[in-house]
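K.L.:
Please put together the full structure from these sequences, using the hints given.
Chains A and B, in that order, give the protein sequences. For reference, each letter of the first sequence is one residue, going 1 to 307 in the working numbering. For reference, each letter of the second sequence is one residue, going 1001 to 1303 in the working numbering.
Keep in mind that the hints were calculated from the coordinates and are not lab data. Be careful, since some hints might not be right.
Here are the in silico distance ranges between beta carbons for each label pair [what the hints assert, rightly or not]:
| hint | chain 1 | residue 1 | chain 2 | residue 2 | range |
| --- | --- | --- | --- | --- | --- |
| 1 | B | A1224 | A | V183 | 50 to 60 Å |
| 2 | B | E1089 | A | G228 | 58 to 68 Å |
| 3 | B | R1071 | A | R111 | 10 to 20 Å |
| 4 | A | V199 | B | D1027 | 50 to 60 Å |
| 5 | A | V133 | B | P1131 | 30 to 40 Å |
| 6 | B | P1131 | A | V199 | 42 to 52 Å |
Which bits of chain B does chain A cover? Going by a derived footprint, with three or more residues having C-beta under 8 Å, they are [stated by the list, open to error]:
| hint | stretch |
| --- | --- |
| 7 | 1058-1065 |
| 8 | 1076-1082 |
| 9 | 1087-1094 |
Heads up, the beta-carbon is just placed ideally off N, CA and C, and yes, glycines get one too.
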Amino acid sequence: MTYLIWRLHRTHGMVSAVAIVAIVALLVPTGLAIANSYHHAVTNCSLDHVGCGTIAGTVFGNNAVLVDLVQGVAVAVPLVLGLLWGAPLVAGEFEANTQDFAWTQGVTRRRWVLTNIGWALLAAAAWGGALAVLLTWWRGPANAIFGPVGLVSFDIQGVVPVAYAVFAMALGIAVGALFRRVVPAITTTLVVFAVLRIVVALVLGEHLAVSKNVSTLATVPPLAWNFGHEFISPTGAAWAPGGACSNLGLDGRAGRACLAAHGYHQHLTYLPASSFWPVQGIESGIFVVLALGCVLFTLWWLTTREA
Amino acid sequence: MSATSPAMAIETVGLAKRYGSVWALQDCSVHVPEGRISALVGPNGAGKTTLLRLLIGLRRPSAGEARVLGRAPGPDEEFLANVGFLAQEIPLYRHLSVADHLRAGAHLNRRWDDSGARQRLAALRIPLDRPVGSLSGGQRAQVALSLALAKRPKVLLLDEPLAALDPLARREFLTSLAEVTVDGDVTVVLSSHLVHDLERVCNHIILLTASRVRLCGDIDDVLAAHRMLTGPRRSTAELERTFTIVRATQTERQTRVLVRLDRPVSDPAWEVAEVGLEDIALAYMAQDEALSAGPLSMVGGTP
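P.N.:
Here is the structure:
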């Protein structure tokens, strides 16, 4: 069984190996350079009392394209695995009728399904794990400056890349088993994966974010992911442009103090940096459970339905 | 049919398969004794593929029961170890080489006659290292047959293995099949819509038309049981009381009747002649057409 799987997916394996080597070749030198420049900046900062806000500029000022590229690749990899590896895994067999060959050899269909899925999910986990380790290291300085929680930064490090990759693969396989055609399986996997990622992120953000009323002078804690703030009048109305203290501007201390004098308070919503691991755990758990659901569906569908 | 009742490799009782509202196979009861090479014959759409896929366990019956080597076909290892199947599309992994398929087969099966398969392929001069997709249709069919045989199956089911082959490849394929089945330890069912191809290698026939079994038995018995009666133009009513008429055709002056023989023909007005298998099969197929096309349509030429 494993020999056939290896032989059929050898190309995927080789492309993966080359891609990972390329990613390592991109990340290791740039990561080292960024870390070096970060340490240099931090040292200078503490000696010369240069404003630490400039560290971000010093370290990442010239690397915006690189950061976008790396983060884009890291976000895309799980999806690409699901589309190009997961979706054709079973659907491709049906398109070429090779299940007629595979399912009339000496192994049961159950074993065929489980062994195929097992190796595919292992490959996905390896991919996700490699990315997670590399990106968590690479983003070390960025985490220290901007925090690990953020729209993209949260998705490309820690443990969630593993869960995303495993889920994308399992989803692609399940949809391919359902449709038995590669192209519909790929498009459906794309849509379902994107929608679920967005929905889970929104729902989790809503439920896990800290939401509280504070003084108008307060700010979001450092390194937190700020979802927004509102100034609320004593009557409960939200402040709008042209409202009280508009002439002073609300970014500065004077305007905010003025609002406080008018009896305003502030409503903050944010995800503190400390919630990085709890949220990682919850989100990973959700996608691992979803992946398990896809595996069970595939097994049930392929062993109880006719060839 | 047989009085000595040898062990049955394949036995079905009332087997039926429905797709939606269409019956692909109805009330199918067939027996294939061990060691037979059975021709599964019928026009396109008669239910041949459905019957074979039910027998290999890739489909499940809507009604009735199938037994292959005493087991209900299904995905269990005991069953799979003893049956070989070659699907109509000759499904192989196009990008893998023949050698890859052989190695995969060795990993996927308890029994695997690797050297036998390699010898067969070497004798056919089929290259082992080229992707299967680059081989000719005849070579692919031979590769698929070799893979099916390497399992050393006790029952081998072949769905239209000749359909994609040119006459030469067809002959080679049938010769190979005749060679491997000469010991009689494997039971083969191979389907075709042409009787002519199979007569040379087969000793048993199952005839399906319009999703029903019309004929099932050893070819010798079938030949012995059918006669063509030719006589002056007359009604066949009297004949019908004694014999089962498969098909009657009339011209201006002559009546020709293919009958299933239960006893000798006593009426001297009939000239009695033996009939070939192909004509018998065609008569049954035409009988079925006649039901829909009206009475007394002529038997057509060879398709």
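K.L.:
When the hints from earlier in the document are held up against this structure, which numbers fail?
P.N.:
none
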